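J.: Those sequence lines, one after another, are chains A and B.
First residue of the first sequence: 1, per the numbering used here; consecutive thereafter.
First residue of the second sequence: 1, per the numbering used here; consecutive thereafter.
Don't read these hints as lab results, they were simulated from the structure.
Since the model is a prediction, treat every value here as computed from it, not as a measurement.
Errors might be hidden in some of the hints.
Stated by the list, open to error - Here's a subset of chain B near chain A, in silico, CB distances under 8 Å, partners left out: (1) E237; (2) Q285; (3) R286; (4) G613; (5) M728; (6) Q967.
Unchecked claim - Label pairs and their in silico Cβ distance ranges: (7) R535(B) to M728(A): 42 to 52 Å; (8) S881(B) to E678(A): 37 to 47 Å; (9) Q614(B) to V441(A): 46 to 56 Å; (10) R551(A) to P861(B): 31 to 41 Å; (11) S561(A) to Q914(B): 24 to 34 Å; (12) S430(B) to R551(A): 43 to 53 Å; (13) Q914(A) to S527(B): 30 to 40 Å; (14) R535(B) to S561(A): 53 to 63 Å; (15) R551(A) to Q614(B): 23 to 33 Å; (16) S561(A) to E531(B): 36 to 46 Å; (17) A98(B) to E678(A): 51 to 61 Å.
We treat Cβ as the ideally placed atom computed from N, Cα and C, and that holds for glycine.
2 protein chains.
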Amino acid sequence: MVHRIGEQFARLSAGRTPTLFERRWWSQTALNLAMQDSLFKTQLFRFIDVLPSVTDDAQVVTLAREYLGDGDTELFGAQWGLKALAATTLGARLSGKAIRSQVEQIARTFIAGATVEEAAPRLTNLWQQGQAWSVDLLGEATISDREADRYRDRCLEALTKLARVTSLWPSVPLLERDHLGPIPRVQLSLKISALSPHLDPIDPEGSYCSVAARLRPILDLAMRLPASLIFDMEQAETKTLLLEIFTRLFAEPSYKVYPYAGLALQAYHRETARDIEGLLSWVRQRGAPITIRLVKGAYWDSDTIRYRQRGWAVPLFEHKMETDANYESLTHLMLSQSSVIRPAFGTHNLRTLAHIEAVAESLGLPPEAWEYQMIFGMAEPFQFAVTQYGRRLRLYTPVGDLLPGMAYLVRRLLENTSNESFLRKEYVESQPLSTLLAPPVLEGLSQKQPPLPQPADIQVFRNEPQRNFAQADSRVAMEQALATVRSQLGRHWTLSSEGLRLTGPLMESRNPGRPDEVVGKVSSASSADVEQAVRRAAQAWESWRVTTVERRVDIIHTAASLMRKRRDELAAWEILECGKPWREADADLAEAIDFLEFYASEWRRLAPPRRLGQEPGELNQRLYSPRGVTAVIAPWNFPLAIPTGMVSAALVTGNPVIFKPSERSPMMGHWLTEILREAGVPEGVFCCLTGGPDIGRALVRHPEIVTIAFTGSKDVGLGILKDASTLMLGQQMVKRVLAEMGGKNAIIVDETADLDDAIAGVVSSFTSYAGQKCSACSRAIVHVAIYDGFLERLKDAVLNLRVGNPEEPGTQVGPVIDQRAQAKIQEYIEIGKKEARLLVEGIVSGPGWYVGPTVFVDVVPAHRVAQEEIFGPILAVMKASSFQEALTLANSTAYALTGGVYSRSPANLELARQRFDVGNLYLNRPITGALVGRQPFGGHRLSGLGAKAGGEEYLTQFVVTRVVSEQTLRRGFAPPE
Amino acid sequence: MVHRIGEQFARLSAGRTPTLFERRWWSQTALNLAMQDSLFKTQLFRFIDVLPSVTDDAQVVTLAREYLGDGDTELFGAQWGLKALAATTLGARLSGKAIRSQVEQIARTFIAGATVEEAAPRLTNLWQQGQAWSVDLLGEATISDREADRYRDRCLEALTKLARVTSLWPSVPLLERDHLGPIPRVQLSLKISALSPHLDPIDPEGSYCSVAARLRPILDLAMRLPASLIFDMEQAETKTLLLEIFTRLFAEPSYKVYPYAGLALQAYHRETARDIEGLLSWVRQRGAPITIRLVKGAYWDSDTIRYRQRGWAVPLFEHKMETDANYESLTHLMLSQSSVIRPAFGTHNLRTLAHIEAVAESLGLPPEAWEYQMIFGMAEPFQFAVTQYGRRLRLYTPVGDLLPGMAYLVRRLLENTSNESFLRKEYVESQPLSTLLAPPVLEGLSQKQPPLPQPADIQVFRNEPQRNFAQADSRVAMEQALATVRSQLGRHWTLSSEGLRLTGPLMESRNPGRPDEVVGKVSSASSADVEQAVRRAAQAWESWRVTTVERRVDIIHTAASLMRKRRDELAAWEILECGKPWREADADLAEAIDFLEFYASEWRRLAPPRRLGQEPGELNQRLYSPRGVTAVIAPWNFPLAIPTGMVSAALVTGNPVIFKPSERSPMMGHWLTEILREAGVPEGVFCCLTGGPDIGRALVRHPEIVTIAFTGSKDVGLGILKDASTLMLGQQMVKRVLAEMGGKNAIIVDETADLDDAIAGVVSSFTSYAGQKCSACSRAIVHVAIYDGFLERLKDAVLNLRVGNPEEPGTQVGPVIDQRAQAKIQEYIEIGKKEARLLVEGIVSGPGWYVGPTVFVDVVPAHRVAQEEIFGPILAVMKASSFQEALTLANSTAYALTGGVYSRSPANLELARQRFDVGNLYLNRPITGALVGRQPFGGHRLSGLGAKAGGEEYLTQFVVTRVVSEQTLRRGFAPPE
């Protein structure tokens, strides 16, 4: 039956070609080429993506060359392996105007108009052809309340205008009534994330409040008109949240009766059947029906990539065939429940269409009981066929500017050209109808998606995934951990196995968000304790250095397991002791575990002797031996991860360690010590000397301390370096200092940048953990062409940050670490106000050590706020008239730690790769959050010395390399090789 | 015919088994096992080798376990995969006495007696059985004139005694006359290398004088008796020299008529046919006949290994079959010339015997025209057969102590058990006679030996071979280069393209061997020049850093080619400027070339970006960028190699370099500069500031110098480190200091050591280049059990060193670098005399800065000569009562550079691997002469900081590591992976 119906549709659509595949210049060459060459496709689509933000025609040509090669010199053709192309096609026509006009043409295929007014004639035209529609208002990403309000207002305005336009239209019964009754002519698809800058699954309550407040007026209007409202589904991470918002809102008494609400669900999502079941029982309680628009899902690539990057199990089906099969199964579910829902099927697949028909027929449903949805400008022959067949078809019709429309356009192009696109198979590859109509086959597919990388697999390092706070159980666990820790506040903690009794004063740790709250108390070290600790460490070294590599590696892996077990509790301590928001605290835990796992795995790899040379009769081996007693002097801003990294590197390589945690985070130092003890690090091999600078200095100058691993400020670091380079009486080894110091990190935003990304990236880079990361952004260098627009959006975004108590999951910016830090930052704000122009100053109050995110603009290199590390949520924005100038500005401090570039110019990105003089350069992403192993971290110039943390060269800093060369030729013979 | 004769021999030998294969315990188990398992064979033979030097029975058991595993715990059997063995054999019998007695039994199979008296009855017995003999006096390696004299005296004594013994014997006509007349009953085989401690092919004249002086009395006696004298052939390196000595000596008027001289030639040597032709024409001139003993050759393994280690073409045939074929061809040559020579054929191969018979028969020779030679105790069935067949057989019969006899024994065991041993094939593997008698087949063998590794192959690094001064053309080239350089002495040299005009005074370089001789003059730098040089370097950096890796690598390879071209000339400059003996100067050239080739190849390998992690949607790359202006502060003791290494590493990685050569070797600095210019290093990127400490200090403190590569003394190095760690005004980067400093290097000699090797190793390690190497030995730590014997031989060896003008090829110890050095060393000699006991003080005189090699004994750690670096040919000997104590002594200085161990105890060697705390540890070899790539060089503690020179981690010290992380996910899609 499916085949029979499919053939009918095929006949009805015959002789037509989708607009996209018509034989214009670019469908002949560029698009065909894109389908053959995925690298070219990337370049082409990236080029299309950047186009609307470039206003200068000459630059359009430059960018075309950067992306696609130089047509004039035949490079274009040669590069892509197509000689014939070089002379005749893209190359020959490279004029900015022509390119822009070509791309705009394509865009207009998919976008009905820039405004509702502009789109109205095309919508009218559809109606006249017997096709309904659902308008989608294209827009930029929403990064402020103002932008969210604007989207709300645009929705309201669109509803009003569309109602006015459609009121004049003739009646088309097929489109105005379904099996449950009359349906409105106007349908608006809503992008929920555009309705709030604070939509975040970590905080469902806050998200709901923010979104619902803007949804209600829209809903009120829709009810009045009436009009239909459909929630679009977005990235997988927000799916549960959107479902929650949907069901919560439409269960509100005022909206309970509204029968035209609906939402899209994605067949590629493994949970969709469950979600539909949930909705069905919810709908039965509620009473009024809802529309469910079943689509295959448009975020597969990005969701898959993002989840994999984070190490999370991908919740989507891995194979297109599975999605197709799921779609068919969901079709049956939806159609069988059409008494309470209005089924809508979004598809451009002939097989799917025929299958829906067959299912409906078998269920004996009337044709008005469901509708088809297709995308405006796509698969027109099928649109025609379905309409001819007498079915209700609704076209998903975008309305909006070209600039935000490009994201939409590229998504459509990808869909059309993907290997699995039905349209491509039919119209480009001309596959036979029988193949196209065959049911999805699941055999031969690996039925399960690859299992989540197991951190227990100690042979291959994988990053510990951060918590997915979109999952309720993760949120509950953190709430509970916070409660547990709260119940223990103020206690005096002693180590479960106290080796060395510390003789310094008791040290109190306070909550930066509530300074009157004592988080905990621990004993601190006196200078006399240093001597004793070093002596014990030197003694303990004898057995630790000969402990097998396997054993030491095992101990470090065990520590990782222990941290994993106590993860939420430790994160909760960190939230309370250091004022970190949830995600930041959780990330610190994940990074600490990463360091343990990475260094353990690395040492297992590096430790075995390696033969050098292959000459017979001699055996040369490289061996590593531990250097000796190591001092680790750690900061408070990553109070677990950074010391864990330094300490575990020293331990696993066979050194005893004396660890001085920051006096600002003694509790976290205490927990690290407990964990290492429990994991099996022997007494004496590791000890924790909580204390201030005097303890650090005593360690640095001690003649038996041979390695000093330090992370902290530049001034302290340079002081350590100087101290350590002076030979002390009795010193038997040149000290090695590893110092990770400060930064004055810049992000360059050029005129080709994606501003949605750039603003979000700059804001998160300068405000996350209140700017108290050495990697934090403290300068933004913005191209003059976009300077003003950038500042405008930046200001809004900064004003909309949620500054407050980090115990609340929705908090984006917490307090700074203590009063001293607050005072220093406020001093810099005063300096900035004198030097530069204040764009925005966040105002905060309350008992904690809060500092509002603050931005200075028109900053020049001579300003102190352009040169000095502030270590708070303060940003200095500088203007550059060229990318070269921006780079010069970026490099014009004595620091070289992190840096970032937001640009869609391949040439500029390449220039940055070469000349942006920082240890960690980030392109088109925020500049904090380096991952162990993948982004080894560390700077140079005055930002640090030593190898990058979390990188392959780190461990060898804790060892001496010994080469043993044996003459194996004896009495004229050598062992067999 | 060969087959027919072979079968006859086989019949005659039937029913007998060689003694070695008789079914004693060890032939059943150990020897069989050795033939199956080459690792076991190594261990077994090494154990046998060490036995005679161990006097303590308990230690014999310990060593047996170290080598062979523990029989008591069944480990022995398990380890070698033979369970049955564990309970019943070696293990069960592990008593020191039993083991020793077993091995002595085996030894007695091959050695006729400890003395001529002891051997006499067995020689008499042979004579009675119709077998002649040639006595070989076993002895230790000769490392002093006294030992050479002793060998001479033993030869004289043996001749006298043998003459007396044999005079009483009955006549055996077959053995007393050959085709050329009567032949003496007494034949002595001479080990020529035992007749002089100065036999060295680099100095044929000196070698001849030394050897001939001791040979003449022996020859005089042999002529009187008469007796026959045969030169044994030894390692390939001395072959030409021995031939020269032979022909020169026996052409002397007094010896021209002596008809019983002979020498052995080796069929495995590719030149033997040519050598025989040469001898034949020489013999015709001379008149009296000589004996040529043709053997296959017994040094194949060690010669091959040594030549390969040095990168020299191996002059021996690669395949046994080729040797066999050559033997047969030489057989024909010799037999066809028997009118002027007495052919003697050493073989234990049935096929060879039969072939000789067949050739002789075809030539119509009478059986007395040649003789067979076999080894005493080996292949007795064939001995029997040949005698029965009525042929003259002479047995090569060792006489001597068990200790020196072990080297001989092991060689015999190896021969018998090798895969290609005829005896093994017949008596162990029982191969069919037809196979055994088949002619050698050359097809299928790679006819040519593998070509010499080409240094031009820039992809794979290979060490530049040092000159083989056994070759006359190498010697001539060096003589000529010295003459060329001499003709240019005293000139003022300016750079061919002078960029920066130096404004310091003219600097004179003087010959340390003749201080009144000015080697050359160059301009030096003033402090003002430093500023200018840094400024120019910083400017030049801009283009150098963006020069492609390929180009920079090419320039460095070009520099290597230029050095190779000017190699002898540069070595000659070094001989004259720095007083290096030939080989030392040549080695410095080879090492300089190595550094260039190695760093260029390494950088080609390391420079490309490396991706980190494999997550989709992100591209993390590790990039290296040059750090910036680099100062290279170089020493004079490896005046080309060390600066070449530091400079080329900095240059190839993209840094500009300011090079300060030592003021003690300005000429070599000049030549390095010239070569780099010529190779294409641009103006400004490299400059040479010849000068003293003030220039070095100005460079170190300059704020724009970011990397300092220093090699020199500890005090200067620590001063640099301290200076460099103080932030200077305007300094924008933490300076990195790479410092290779001093050493107080020890060699441990334990009671199992091979003393021949140990004494030679200690002597060369402390005296080569007059001890002026940071790697030089300055302490010997000797086990009490061998202490006195060690000192006795050491004293002789030191007294016999040739101290003098390094222009003479035979010089072993030249002058020290200058008067200041001489005075300092002499001061330490005075200190040593007060602190410890003087064993030997080398007395030298003359105009140069000579210091005689000096040894102090009974030194304890508190002595200054045990702690302070002297940098001269001074050795402090310490006594240790255990290996553990020796290690403690060795580690009891603040240095950790090189160290060595001479031991044949696997457990001690392993302990040293683990606990001898030095950067470069050498086992059973001298401790100087680390090779680039194979033995990366450098120390720790106060000996240095930074990665090892010539190792894979060296280059990354000159760069900063940058990690670039790009978010490649854009608009929901990422480039294909």
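J.: The hint names R286(B) as touching chain A; please verify it with the least Cβ-Cβ distance against 8 Å.
T.: violated, 34 Å
J.: Do the beta carbons of Q614(B) and V441(A) sit within 46 to 56 Å of each other?
T.: violated, 30 Å
J.: A closest beta-carbon separation below 8 Å is what the hint needs, so does G613(B) meet it against chain A?
T.: Holds, about 4 Å.
J.: Could you check if E237(B) really has its C-beta closer than 8 Å to a C-beta on chain A?
T.: violated, 14 Å
J.: Can we keep the Q967(B) interface hint, with Cβ of chain A closer than 8 Å?
T.: holds, 4 Å
J.: Take the C-beta atom of S561(A) and the C-beta atom of E531(B), compute their distance, and say whether it sits inside 36 to 46 Å.
T.: violated, 58 Å
J.: So, as I understand it, the hint says M728(B) touches chain A; can you test that by seeing if any CB pair is closer than 8 Å?
T.: Nearest chain A Cβ about 11 Å off; hint violated.
J.: If you take the shortest Cβ to Cβ gap from Q285(B) to chain A, is it below 8 Å?
T.: violated, 36 Å
J.: How does the Cβ-Cβ distance of A98(B) and E678(A) compare with 51 to 61 Å: does it lie in that range?
T.: holds, 54 Å
J.: Taking the CB of S561(A) and the CB of Q914(B), does the distance hold inside 24 to 34 Å?
T.: holds, 30 Å
J.: Per the hint of 43 to 53 Å, is the separation of the Cβ atoms of S430(B) and R551(A) within bounds?
T.: holds, 51 Å
J.: Confirm or reject the claim that R551(A) and P861(B) have a C-beta distance inside 31 to 41 Å.
T.: holds, 34 Å
Consistency note: the structure conflicts with the earlier hints numbered 1, 2, 3, 5, 7, 9, 16.
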